[in-house]
Each structure stands twice: as structure tokens, then as C-alpha cells.
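Please build the complex by placing chain W on the supplied structure of chain Z, with the hints as guidance.
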Amino acid sequence: MPAYQHASINPFSPLPDRFALIQNQVIRDEAGPSDHRPFVLRFAVPRDLGDPAEVLREYQYDADLQIAVRVDDPETPIIAMGRWERTTIGTKDGRGPGQEDWKMDDKG
Amino acid sequence: MTVVVLAEEFDLTADRVVRELVGRGVEVFRADTSWFPEELVLDASYDDTWTGTLRTTHRSVRLEDVRSVWYRSPSAFTFPAELSGPERAFAAREAKFGLGGVLMALPALWVNHPGREADASYKPAQLSSARECGLLVPATVVTNDPKVVLELADQANGNIVVKTLGPNVLAEDGTTKIAYTHRLSPADLADLTGVELTAHQFQEWIEKDFDVRATVVGDKVFAAAIDGMSEAGYVDWRADFAGQRLRSLDVPPPVVRAMLRYLARFGLRYGAFDFAVRPDGEWVFLECNPGGQYGWIEAGTGLPITSAMADLLARE
Chain Z
5 MPAYQHASIN PFSPLPDRFA LIQNQVIRDE AGPSDHRPFV LRFAVPRDLG
55 DPAEVLREYQ YDADLQIAVR VDDPETPIIA MGRWERTTIG TKDGRGPGQE
105 DWKMDDKG
Chain W
4 MTVVVLAEEF DLTADRVVRE LVGRGVEVFR ADTSWFPEEL VLDASYDDTW
54 TGTLRTTHRS VRLEDVRSVW YRSPSAFTFP AELSGPERAF AAREAKFGLG
104 GVLMALPALW VNHPGREADA SYKPAQLSSA RECGLLVPAT VVTNDPKVVL
154 ELADQANGNI VVKTLGPNVL AEDGTTKIAY THRLSPADLA DLTGVELTAH
204 QFQEWIEKDF DVRATVVGDK VFAAAIDGMS EAGYVDWRAD FAGQRLRSLD
254 VPPPVVRAML RYLARFGLRY GAFDFAVRPD GEWVFLECNP GGQYGWIEAG
304 TGLPITSAMA DLLARE
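Respectively, the protein sequence lines represent chains Z and W. Note that the first sequence ends on residue 112 in my numbering; no numbers are left out. Note that the second sequence ends on residue 319 in my numbering; no numbers are left out.
I should point out that these hints are in silico values taken from the structure, not numbers from a laboratory. Here a beta-carbon is modelled for each residue, glycine too, at the ideal position from N, C-alpha and C. A hint or two may mislead.
Covered stretches of chain Z (in silico footprint by chain W; criterion: 3 or more residues with CB under 8 angstroms from a CB of chain W, positions within the stretch not fixed) [said to hold, decoys possible]:
#: 1; segment: 35-43
#: 2; segment: 70-77
Stretch-level coverage of chain W by chain Z, calculated; a stretch enters the list once three of its residues show a Cβ under 8 angstroms from a Cβ in chain Z [what the hints assert, rightly or not]:
#: 3; segment: 162-171
#: 4; segment: 196-202
For reference, chain Z alone in the conformation it holds in the complex (with noise of 0.2 angstroms):
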């Protein structure tokens, strides 16, 4: 029997989501023994959401179109490009990517 231990947010209560954006601890741990693990996540598996950083480094924010364009071409938004990469990278509100982050190159 595992000892237990109190989380850190607020039962039930809806609060912290109402205008969130606190950035919640993000938890980098390794997975715990498979007896001591919430049922579902026993089908959790890997997914590779891509590298944020990667992508910032070809892309920029233009503060006076107020989109993002290319680095090496700041007269082409990106959305002008045809490509569908990523709708939102990073984190959102710090709860992590969200589960309908997706990707499709060269659609659109």
C-alpha cells in the first residue's frame, strides 16, 4: 500500500482554471511501478509533439502584423505559406500541450 500524500490543487474547485495562467509545477518524473499507477494511464504512450525551440527558431513574432512570419523572410506570414504545422507549441495557462495539439505539414 502506497503511502499516500496530498496534491497540490484545490479539490473540485474550478477557480484555478477560471483565467488560469498560473504556471502549475510541471512534473518531469519517471513513470512508477505498474501497481501503483492510475489504471488508464497503463495506455498512456509516447508521442513526439515536436521541439518547440525548433520551430521558434524559424519563426518570429511580428509585433506590427501581430502574426508570426519567417525569420529569414519577415514579409511572409507563415500562414501564407499553405502549411498547417502546429495550431499552439509550448505550454498553455502551464498545463502542458494539449491533447488536440496536431500537426500536418503541407496541408492547408
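Below, chain W without anything else, positioned relative to chain Z:
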């Protein structure tokens, strides 16, 4: 009047909407909350109404001119590295209740209001609300008792799935893992160890011809059939974006009416509904993500969702 877009700097879906709005001559103020407080300055005063400005070094918006706010997954506030952990947490709370509080107090149209979105993110509430709005929903248990899971499996002839109640993303072992909807095998049912560790959601498996993602923007509905072309993608289309086929389709009017009732019930103006369409043609509600993505649906079907979002945000 100005449309405020709260989004990360690199967000192609937000880029498309910003460009659509600007092309229509609509004033747009885009900001990421990670710019606060260093690059985003709030100056708000209350005297019968909230007035003041929200500004960056490039542009500003008068609070009384905010027509609408698109709360499109902005990122966390950023504070000086010199702050201690407790100071940072305190500063973040104050920023949330200050910047977030002022914006949410404005008489503006929100897509979606963060509070309504938070309320609508609870899947048990989604299921009961969907049913009360007239939609079919799967038999569902939320439990930490393995015996209850076996009872549901008995009722469903062993055909049940497990799916997360909240975000399905986990960072461990130095990588990102995702817990997609999983159809339980007899071996899974024989060993339900771990169910007792927290709340789990199990549902009857819905035999389906295809899935549907119905994106509702205001009162406009854009539906796409999703044909999962792999075994994993058939069970949960999120598991295989590359192997899915999309096609637009019409939504039965009773389902449209039910979705609009559902959004009104939660105070939402945007929702991404997931359905399984059974072989008999009945649509079964699975969930509604109030902040769901639509970029890949628009890219794959040509449905004019960006235009509809611009319509909604720019509406007088």
C-alpha cells in the same frame, strides 16, 4: 471598437483570425499573457465602469473600446527570475485576479469566458447536460471501484473503453505521453489494478460508422466526419491525425438544436463537439471541448470556420 485576442505568439489559428479581422478593417489588439507584466501594461480605473488601457510598446487598447475577447489558450504570466517561488506564485495570483479580473469585468463578448470554459470542462457535467439537452450519451461510470467497472462491462457485453476525465497528457520518463481512449481487452478486465488509485471514467463502446467533430461558432455549425484509417485512429481519432480522412457533412437539425441549447446552458459561444455516429444513423455525444482546436478541420475540409469566428468576434 476593438477585438482583443489573447493567444500565444506562435498560433497559426489565431494568425488566421487576426488576418481575417484586419482584412475587414476591424481593430485588433493581440497579446499573450506571458508578456505580463514586463511587456504588457494594464492601467485600469473604476468609476461606474472600468476605463483605462492595456498596452504594449507597439499598440494599446482602451478598455471601454473592447468589443470582444477571444480567449485562445494564452500562456502563463512571466515574472523576473529573481522572484522566489512563493513570490512568483503570489505575483501570478495577483496578475490573474487583477488583469484577468478587469478583463472579465468588461461588458465584452467572450469566446469563451474563462470561467464558463472551466465549468464546461468537467466531463460528468458535459454528459448530464448533453442528455438534458436531448442528445444520446454512452452508458458511463466514474469510479475508483473495480467492481463497478466489471458491472458496466457485463452490461455492455465486455465492450467498454476507458478515457481520461481531464487533459490526457502526461510528462514523464523525459517525454510526453498521451492516454488516448482505450478499448479494454479481456486481459485488461482481468486486471484492473490502479482503478482504485483515482477516479476513472469508463463508457460503453459505441459501435460506429464514423466519428464527427462539430465545431460550433456562435450559432453556426461546421461538422466534419472523421474516418479513422487505422485501428488506433478508429478507437480515438486523436491517436492518428495523419491516418484520418475528413469530409464535411450536414448535422441533423435536432442535433444542431441540442448543441445550441448545450452551449447556452454553459454560457459558451464556442464548442468543439465529438460524436460517434452509429450504423443506424444515430449521433451519440462523447464530449464537448470548449477550447477545442479547429485548424485541422478547416484545413482538411475547407469549412469557413475562421470566417465565422471573425464574424462572431466583430459582431456589433
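Status of each hint after checking the structure:
1. 35-43: holds (count 7)
2. 70-77: holds (count 3)
3. 162-171: Three-residue rule met by the segment 162-171 of chain W, so holds; n is 5.
4. 196-202: holds (count 5)
Checked against the numbered hints given earlier, the structure satisfies every one of them.
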